[in-house]
Each structure stands twice: as C-alpha cells, then as structure tokens.
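Here the protein sequences come in this chain order: Y and L. To convert, take the position in the first sequence, counting from 1, and add 102; that gives the numbering used here. To convert, take the position in the second sequence, counting from 1, and add 8; that gives the numbering used here.
A hint or two may mislead.
Unchecked claim - Below, a list of computed lysine-lysine pairs in the DSS-like style, where the Cα atoms sit at most 27 Å apart:
1. Y:Lys-290 x Y:Lys-214
2. L:Lys-65 x L:Lys-85
3. L:Lys-133 x Y:Lys-106
4. L:Lys-247 x Y:Lys-107
Since the hints were made in silico from the structure, they are not lab data. This structure is a prediction, so every number in the text was calculated from the model and none was measured.
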Amino acid sequence: MVMKKLLRNPLSMVGLLLLLGFILVAIFAPWIAPTQEIYANDPYRVPRFGWGTTPEPPSPQHPMGLTQGKYDIFYGIVWGTRTAFQVGLIVTGLSCFIGVVIGSTSAYVGGKFDEVIMRFVDVFMSFPFLIAAIVITAILGRGLDKVIIALVIFRWTGYARLIRGNVLQVKQDEYVMAARAGGVSHPKILLRHILPNTIFPVLIQASMNMGSIVVTASTLSFLGLGAPEGHADWGQMISFARNWVLGTPDNSLAYWYTVVWPGLAIVLFVLSWNLIGDAFRDIMDPRIQG
Amino acid sequence: MITYIARRLLFLPIVLIGVTLLVFVAMSFLSPYQLVSAYIKSPEELKNQSLDDLVRKYGLDQPIHVRYVSWMKNLLKGDLGYSVSANMPVAEAVTKRFPATIELALFASVPVVLGGIWLGTISAKHYNRPLDHVTRTFAIIGWSLPDFVFGLILLMIFYGVLGWFPPGRLSMWADTVVLTGNFTRYTGLNTVDSLLNGRPDIFWDSVRHLIAPVITLSYLWWAYLLRITRSSMLEVMNKDYVRTARAKGLTEKVVVNRHVRRNAMIPVATVSGSMILGLLGGVVIVETVFDYKGLGLLTATGAQQLDYTLILGTTLFYGMLLVLINLVVDVLYAVIDPRVRLE
C-alpha cells in the first residue's frame with residue numbers, strides 16, 4: 103500500500119530512481135572505474151596522474167578532470183559512493199541498535215532508572231551535533247572509523263527518545279498484561295511482544311536519516327577531520343576544491359569541475375533519501391489525511 | 009507560570025554539570041602531556057619548566073575526581089587555558105570572536121524564520137497542487153544541499169564571477185578604519201557599531217560581507233521550517249473552529265492568517281530550540297567557507313590544528329550557551345502556549 107503510494111508520487115519516484123542509480127554505481131564500482139594494478143591492494147585509494155597541485159580540466163582519459171593533487175575526480179566519485187553507503191549504513195545500524203536497546207529498556211523499567219537515563223540523553227542532546235562530532239574526531243584522531251564512532255555517540259539519543267515514547271504507550275496494553283500474567287519473562291516480553299509493535303517508526307526514522315548522516319560525515323572530511331587524504335570520499339573531494347573556486351585571474355570559472363562534480367554527487371545522494379522521506383512522512387502522517 | 013520557570017531553573021545546574029562532565033570525560037582520553045596546555049596561563053610558563061614539572065604542578069597525575077574538582081575551580085574563575093592556535097587565552101579568544109557569530113546568527117535568523125513560515129503557508133494553502141510541489145521541491149533541494157557545497161558555489165559565482173559578495177568580515181580599508189581610527193566598538197557587531205559611529209560606508213561594507221553566509225545558512229533551514237509549518241497548518245485546517253470561521257463568512261485571507269497560522273505556530277516554536285542548535289553548528293562550516301572570523305572558524309581551525317584546549321573550551325561555551333538558550337525558548341514557549349504551563 104505504502105509502496106504503491108510512493109510510486110504514484112512523482113517526487114518520490116525520482117528519489118527512488120536516484121537511489122537505485124547510486125546502489126548500482128556502488129555495486130558495480132570495480133567495473134565502472136577499474137582499479138589500476140599498482141593500487142590493487144587498496145581500491146579506495148584515488149589514483150593520481152602526475153605531480154603538482156593544479157587541477158586539470160576533463161579529458162577523454164579523465165572524464166571529470168583531475169582535482170588538486172592530480173587525483174582523478176571520476177574515480178573518487180564512483181568509489182566515494184561505496185564510502186557514503188558504508189558510513190550511512192554502519193552509523194544508522196549501530197546508533198539505531200544502541201538507541202533501541204537503551205530507550206526501550208529505560209521505558210520498560212521506568213521509575214528512577216528511566217529518569218536518570220533520560221537526563222543523560224538530555225545532556226547529550228544539548229550539544230550541537232556537528233560540534234560534538236568535531237570534538238570526538240579531534241580527540242580520537244583522523245579517519246573514517248573515528249567519524250563513524252563520533253556520529254554513533256551523538257546519534258543514538260534521538261532513537262532512544264523515539265522508542266521510549268512508543269514503548270511507554272503500549273506498556274500498559276492488554277496484550278502486555280496478558281503476557282505478564284502468563285508468566286513470560288521480562289526480556290522476552292520486551293523482545294517478543296513490545297518491540298515488534300513499536301520499532302517500525304524508529305526504523306523509518308533511521309532510514310530517513312541516512313542523507314543527513316552522510317552530509318555530516320562529509321562535512322567532517324571537508325573540515326579535514328574525516329577520511330585520510332586520498333581515500334575516495336566526496337567531502338574530501340570538495341575540500342580539495344576549496345582553494346580553486348575563485349579560478350584564475352582571466353577565467354574565474356576555470357576550475358568549476360573540482361567543485362561541481364563531487365558537489366553534484368553528494369547533493370543527489372542526499373536528495374534521493376530526502377525525496378523518499380518526505381513522501382513517506384506525508385503518507386504515514388495520519389493528521390493530514392483530512 | 010512562576011512554578012514552571014522555577015522548576016526549569018532548578019534543573020539548570022544539573023544540566024550544566026552534565027555538560028561539564030561530558031567535556032571532562034572527553035578530555036580524559038588525552039594524555040597528561042596533551043592536557044597541560046589546558047592549564048597553563050601563557051606560553052612563558054613553558055620556558056623554564058619541563059613538561060613533567062607542569063604535569064605535577066597542575067595535578068594532572070592525580071586521580072580523575074581530584075582533577076575534575078580543580079578543573080571546575082579554574083572554570084568558575086573563567087579560566088579555560090591557553091590556546092596555541094589562536095595565540096591567546098581561550099576565554100579571551102572566545103569573547104573576541106563571539107560578537108561576529110552573534111551578528112551572523114542574528115542576520116540569518118530573520119530570513120530563516122520569516123521565509124520558512126511564509127513558504128510553509130503557501131505550501132499548505134495549495135496542498136497537493138502545483139504551487140505546493142514547487143515550494144516543496146525548492147525546500148527539499150535546500151535541505152539536501154550540504155552547506156559547504158552551497159557556500160562554495162555561492163562564493164564561486166558571487167565573488168569569483170560577479171565580485172559582489174567578498175569573503176571575510178570587512179574589506180581591507182574598512183578593517184583599517186575599525187582597528188585604528190577613532191572608531192568606538194560598542195557591541196563588537198560591525199553593522200551596529202558602524203551606524204553608532206555614523207559610518208554608513210562601513211555599514212554597507214559589513215552587510216555586503218554578510219549576505220552570502222546568511223543566504224547559505226537560511227536556505228538549509230527554510231526547508232525544515234517549511235515542513236513543520238506546512239504539516240501543522242494542514243492539521244489545524246481540519247479543525248472545527250476553522251470550519252466555523254469559514255462558515256461565518258470570513259475571507260480566506262483572514263482565516264488563514266488569523267485562525268490557522270496563529271495556532272499552527274506552536275510546533276514551530278517547539279523546534280526553534282533545535283534550530284538554534286543547528287544554526288550554531290552550521291556557523292562552523294559557513295564561517296570556514298567564507299573565511300568569516302567568528303567562533304565557528306575558531307573552532308574549526310582549532311580542530312584542524314589539534315588545539316585541544318581551544319576545542320574543549322569552545323565546546324563548553326557552546327554547551328552552556330545552548331542550555332541557556334533552551335531555557336529562554338522554553339519560557340517563551342510557556343508564554344505563547346498556556347497549556348504548557350498547566351502541565
């Protein structure tokens with residue numbers, strides 16, 4: 103039913119197609135942008151063609167040109183798609199898991215325990231997310247794994263709150279009472295009876311956050327706190343472009359390709375998730391079905 | 009009302025302590041040698057003493073709870089340590105840069121709020137018709153544009169090609185006037201100070217430098233506000249009192265502006281807290297892209313140069329600031345919506 107509505111809405115249709123495109127690029131990356139022999143042990147390393155820093159415009163060998171440091175933009179974008187999915191999926195999965203475990207336990211146990219956990223969550227949520235992530239990556243050091251840790255640490259709280267609210271609602275429902283009266287153990291009630299009825303909105307929310315997680319991760323790379331130099335990552339590709347956006351004295355758009363291609367990749371990726379998410383929210387929101 | 013505010017105030021120190029604890033825990037991941045800079049008052053101290061001496065002097069070899077107490081004591085005195093990358097004490101750097109960020113945030117908040125609500129109203133009024141799709145597409149694109157990409161593109165077009173909106177806070181000549189001439193800094197906000205000093209040319213120059221960062225910040229948040237205004241307006245539009253208003257023959261304009269929008273504003277007020285959070289985060293990137301010397305750029309440079317003292321100091325500052333802002337937002341919210349007070 104939901105799928106049918108998604109397919110009927112032109113905006114979400116575009117989103118689905120875009121997402122499908124990115125999935126295909128990620129899967130077939132080794133065929134779209136083959137890795138050279140010398141880089142075979144680390145295909146995520148973007149190959150460099152030549153010495154010096156100045157970018158080079160698109161040519162038949164390098165369809166999107168070379169960015170600062172002579173890194174191949176096309177290769178970086180294709181393999182960067184994999185990086186984007188990796189970061190997005192791992193962060194979403196982990197933070198969702200932690201959030202659901204802590205949030206649902208907190209709500210189910212209730213009382214003082216719940217109060218303490220929720221104040222804890224409040225403190226985490228009172229930091230601007232990006233600044234918190236900057237602090238963590240600065241302390242742990244540079245690298246994609248550190249970015250993932252930083253994002254998870256400050257992302258689980260949202261899911262914890264969401265699932266807590268849902269669990270509190272169904273906690274007193276008759277089927278839970280019945281399970282209790284029947285002598286089912288607490289963990290089992292939570293796992294088998296409550297969670298299946300409350301986890302769905304959290305999963306939707308989580309999948310809709312993919313776009314913003316990828317943006318934050320690439321922002322950290324842009325600030326120089328993310329992926330190590332040369333790793334295929336969209337944010338880093340854009341940070342390479344920073345010194346070249348003003349072009350040369352006689353042609354201010356001389357290096358347009360250094361910012362436009364990686365920028366387009368990241369915008370379209372996030373757009374695809376947001377288009378689907380927006381339509382989804384409209385479909386799922388019962389208040390505006392008037 | 010008073011009990012509500014009192015309760016919130018009672019809660020305040022707990023959250024503040026939580027914020028300091030979190031920062032302190034983050035600090036404890038660093039070695040004592042890395043931490044020394046968070047304690048020294050000036051680089052002079054490094055000259056005659058070995059690092060080991062300093063570690064002992066500031067009790068960095070002590071157990072964690074002892075360190076927390078002494079760190080808190082310093083903190084209460086307003087001492088946040090010495091920043092290597094800014095070449096001055098952290099507290100001084102923060103107070104110096106803060107007005108610039110306030111100025112940016114103030115200038116951005118007006119277009120963000122007004123534009124977002126306006127777009128949301130249009131979208132709701134034309135629900136599921138072409139105009140709704142157009143405004144929503146515009147907003148979704150904005151929501152999907154990472155601010156550093158959008159900022160760089162603006163910089164490329166409006167500075168590189170057209171030369172209209174240069175990066176930085178002031179042009180060279182204006183900067184000279186502000187720093188040397190008999191120009192009094194009343195507030196640290198360039199726009200306000202220039203008007204108070206009767207220098208419209210400097211006012212215009214600072215506005216010119218603000219336009220591109222403000223556009224970058226607002227476009228992102230329009231989408232967010234549009235979505236919330238739209239869905240809450242759609243919800244209110246189905247309410248009985250709106251039907252009554254229509255039935256008694258009020259014009260569509262009055263119904264939408266007076267009956268629907270006013271009630272639909274409550275959820276918008278709710279999200280303003282998280283919006284401020286986001287704006288403060290966004291400032292880091294926007295300031296970096298446009299080389300706008302505020303708190304955000306300070307944090308970003310500190311992080312790139314691994315200046316832990318500075319990062320932790322600014323984070324603490326951000327945390328405190330947000331706790332206070334959230335308090336103000338909550339109180340205002342209780343003023344707008346009487347139901348909150350009664351809970």
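Hints, one by one, checked against the model:
1. Y:Lys-290 x Y:Lys-214: Distance ~22 Å between Y:Lys-290 and Y:Lys-214 Cα, so the pair holds.
2. L:Lys-65 x L:Lys-85: holds, 18 Å
3. L:Lys-133 x Y:Lys-106: holds, 26 Å
4. L:Lys-247 x Y:Lys-107: Satisfied, since the Cα-Cα distance of roughly 26 Å is no more than 27 Å.
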